[in-house]
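Going left to right, the sequence shown walks through residues 652 to 830 as this note's numbering numbers them.
Wrong hints could be hidden among the right ones.
[Unchecked claim] Result set (DSS-like, lysine-lysine): computed pairs, CA atoms no more than 27 Å apart in a straight line: (1) Lys674 to Lys662; (2) Lys761 to Lys739; (3) Lys677 to Lys687; (4) Lys739 to Lys760; (5) Lys687 to Lys674; (6) Lys658 to Lys672; (7) Lys674 to Lys658; (8) Lys687 to Lys662; (9) Lys677 to Lys690; (10) Lys672 to Lys662; (11) Lys660 to Lys672; (12) Lys725 to Lys739; (13) Lys725 to Lys742; (14) Lys690 to Lys678; (15) Lys753 to Lys742; (16) Lys672 to Lys687; (17) Lys758 to Lys742; (18) Lys725 to Lys690; (19) Lys674 to Lys660; (20) Lys678 to Lys662.
[To be verified] Using C-beta positions, here's what the derived DEER-type ranges look like: (21) Leu750 to Ala774: 41 to 47 Å; (22) Ala665 to Glu688: 34 to 40 Å; (23) Ile755 to Lys672: 56 to 62 Å; (24) Glu700 to Ile754: 53 to 59 Å; (25) Lys662 to Ser696: 46 to 52 Å; (26) Gly781 to Met752: 32 to 38 Å; (27) Thr697 to Ala665: 45 to 51 Å.
Since the hints were derived computationally from the structure, they do not count as laboratory data. We put the CB at the ideal spot given by N, CA and C, even for glycine.
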Amino acid sequence: MSEAQPKPKSKISASRRLFLKTKLVKKAMAMLVAEKEQKVIDRESTLSERVPALNLSGLSVQDLQTLCKELHQKIDVVDEERYDIAMKVSKSDAEIENLTMKIIELKGKKRPQLKRVRVSAEAMMGALLGAKIKESVDFKANLKTVKKEEEKKEEVTDWRKNVDAMSGMEGRKKMFAAS
Numbered sequence: 652m653s654e655a656q657p658k659p660k661s662k663i664s665a666s667r668r669l670f671l672k673t674k675l676v677k678k679a680m681a682m683l684v685a686e687k688e689q690k691v692i693d694r695e696s697t698l699s700e701r702v703p704a705l706n707l708s709g710l711s712v713q714d715l716q717t718l719c720k721e722l723h724q725k726i727d728v729v730d731e732e733r734y735d736i737a738m739k740v741s742k743s744d745a746e747i748e749n750l751t752m753k754i755i756e757l758k759g760k761k762r763p764q765l766k767r768v769r770v771s772a773e774a775m776m777g778a779l780l781g782a783k784i785k786e787s788v789d790f791k792a793n794l795k796t797v798k799k800e801e802e803k804k805e806e807v808t809d810w811r812k813n814v815d816a817m818s819g820m821e822g823r824k825k826m827f828a829a830s
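With these hints in hand, go ahead and build the complete structure from the sequences.
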């Protein structure tokens, strides 16, 4: 869901929700208790099947010794099986670890998002071309120079001073002579 959309209000009241939660918890607890009892029953039945009760009364010494030898042989067989299973588990654990390392290598390391950085022209050229060009490249020197012409501004003078100088015929002569 996007963050822009608010969560819709629940159609179930708070008290009803609490009641349903407590009911679910009680049901889960009852199921856990039943599962534990079932495990105990299964364990007892498995043990009674695999290991029958020993009836040692009325056996001679010779019979007891043969019984002990048989039990030792069974113990050896079970130990061999246990060792084989432990080795298979350790091999599969090593293989799983190896595969997870390969997956991590394939995914690559998590890289942070890159940020914009202002780089000067010299630094950019140095990064692109490496150590091939040792002298700095000055782009400003290669640009054409344009001279700005300053506009000629006429001096603004007080018009009252000019009135006396331009009055009469002499003022008219000065005007024509200036142009």
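Taking the hints in turn, this is what the structure says about them:
1. Lys674 to Lys662: holds (19 Å)
2. Lys761 to Lys739: Given that 27 Å is the threshold and the Cα spacing comes to 34 Å, the pair is violated.
3. Lys677 to Lys687: holds (16 Å)
4. Lys739 to Lys760: violated (32 Å)
5. Lys687 to Lys674: holds (20 Å)
6. Lys658 to Lys672: holds (21 Å)
7. Lys674 to Lys658: At roughly 25 Å apart (the allowed maximum being 27 Å), Lys658 and Lys674 satisfy the hint.
8. Lys687 to Lys662: Cα-Cα ~37 Å, so violated.
9. Lys677 to Lys690: holds (20 Å)
10. Lys672 to Lys662: Measuring from Cα to Cα gives roughly 15 Å; hence the hint holds.
11. Lys660 to Lys672: Holds. Lys660 to Lys672 sits at ~18 Å (cutoff 27 Å).
12. Lys725 to Lys739: holds (21 Å)
13. Lys725 to Lys742: holds (26 Å)
14. Lys690 to Lys678: holds (18 Å)
15. Lys753 to Lys742: holds (17 Å)
16. Lys672 to Lys687: Distance of about 23 Å is within 27 Å: holds.
17. Lys758 to Lys742: Holds. Lys758 to Lys742 sits at ~24 Å (cutoff 27 Å).
18. Lys725 to Lys690: holds (25 Å)
19. Lys674 to Lys660: holds (23 Å)
20. Lys678 to Lys662: holds (24 Å)
21. Leu750 to Ala774: 41 to 47 Å: holds (43 Å)
22. Ala665 to Glu688: 34 to 40 Å: Distance hint for Ala665, Glu688 holds at roughly 35 Å.
23. Ile755 to Lys672: 56 to 62 Å: For Lys672 against Ile755, whose Cβ atoms are near 39 Å apart, the range 56 to 62 Å is violated.
24. Glu700 to Ile754: 53 to 59 Å: violated (43 Å)
25. Lys662 to Ser696: 46 to 52 Å: holds (48 Å)
26. Gly781 to Met752: 32 to 38 Å: holds (34 Å)
27. Thr697 to Ala665: 45 to 51 Å: holds (48 Å)
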